[in-house]
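Undergrad: Each chain, written out:
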Amino acid sequence: MLHNIDEQGNLEYHCHRPDCEYHHCAGLIGQIECAHHGTQHKSATPLQTHISHEQVEWVDATTVQLPPCPACGSRMALRVGFTDAEIAPPIIERDPSGKITKVVHVGAVNLTRIYDHAEKRVIMDEARRQVLRQHGIPEALIEALIPPVVYFERVIDRVEPHPAIARHQELERQLTAIGKRPAG
Amino acid sequence: MALYTVSTGNTIQAQDVNQVVNVLQRASGQQEIGKYFLAGPTYANGALVSQYMSSISRNTTPVSVSIDTADQAPAGGMSTTPNTGNLTANGFQVWTLTTTTNLNSRAAGNMTIQY
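Just so you know, the sequences run in chain order W and D. According to my numbering, the first sequence is numbered sequentially starting from 1. According to my numbering, the second sequence is numbered sequentially starting from 185.
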């Protein structure tokens with residue numbers, strides 16, 4: 001996918017060939033999860049081109065191809081046309097404090113990114129513990145009889161559209177503006 | 185990434201199930217990687233050689249696909265990395281227009297579908 005597109009039509013992207021110098025986990029800046037190499041480093045040198053390049057071209061009504069990688073010849077095609085059904089925003093439910101409690105996907109599941117983390121929760125059954133204390137049961141034994149319940153709760157921090165959607169739709173807009181349109 | 189198994193007697197956790205679900209239905213930011221081999225006889229300059237590459241993942245919409253020619257450099261009338269298009273939740277088309285007649289036009293390599 002496109003890593004960047006600016007208002008002047010400059011594009012940045014990475015090669016997907018695992019042994020290419022422009023592969024997205026070549027180089028030494030920032031760790032990312034790479035399907036080819038496991039957790040690796042993000043390339044400091046993206047491929048760059050401009051929307052006016054003759055090989056930035058439509059291949060069908062929803063797909064735009066980028067020029068081949070100058071190092072290995074690998075070629076990437078971008079989905080720039082998404083249906084309304086695919087990019088329909090999710091239904092987000094919140095509690096009275098505004099905390100997100102549920103996300104119901106309406107469009108394609110992967111086109112909505114949910115940023116979340118796990119928070120540790122501990123439940124102590126103090127009422128039952130208190131009863132045992134009143135009978136003189138030692139704390140160590142109470143701890144063994146009624147241990148705290150520890151679990152992890154999913155906390156949703158934010159929900160955002162897939163970052164590629166905006167970039168790819170912007171590419172479609174800029175290509176159309178300079179007269180590059182899909183054939184037919 | 186390689187999948188793992190749950191040992192007999194162990195409790196199955198959410199991540200154990202999700203490792204499989206995330207292959208059959210790729211999550212945002214994931215990639216499906218694999219191989220393609222495009223080949224066919226071409227009867228004329230400009231003839232089309234094409235095949236459909238079905239993805240393992242379904243339901244989720246890919247944002248890009250990338251192919252290289254690491255396993256078989258374009259030969260026999262194929263002169264460049266093949267084209268890809270018609271990218272959907274089910275797969276994509278890989279195709280090329282050949283530049284000469286040949287009984288075995290071919291190109292092959294890695295494919296990476298980005299979700």
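Take these hints with a grain of salt, some might be off.
To be verified - Now the stretches of chain W that chain D is said to cover, found in silico as 3 or more residues with beta-carbon under 8 angstroms:
| no. | region |
| --- | --- |
| 1 | 13–23 |
| 2 | 90–100 |
| 3 | 103–110 |
| 4 | 123–131 |
| 5 | 140–152 |
| 6 | 157–168 |
Quick caveat, the hints were computed from the structure, so don't treat them as lab data. In this text, a Cβ means the ideal position worked out from N, Cα and C, and glycines have one as well.
Undergrad: Taking the hints in turn, state whether each one holds.
TA: Now for the hints, and whether the structure bears them out:
1. 13–23: Contact hint for the region 13–23 of chain W vs chain D: holds, 6 residues under 8 angstroms.
2. 90–100: violated (count 0)
3. 103–110: holds (count 3)
4. 123–131: Since three or more residues must qualify, the claim that chain D covers the region 123–131 of chain W is violated, with 0 doing so at under 8 angstroms.
5. 140–152: violated (count 0)
6. 157–168: holds (count 4)
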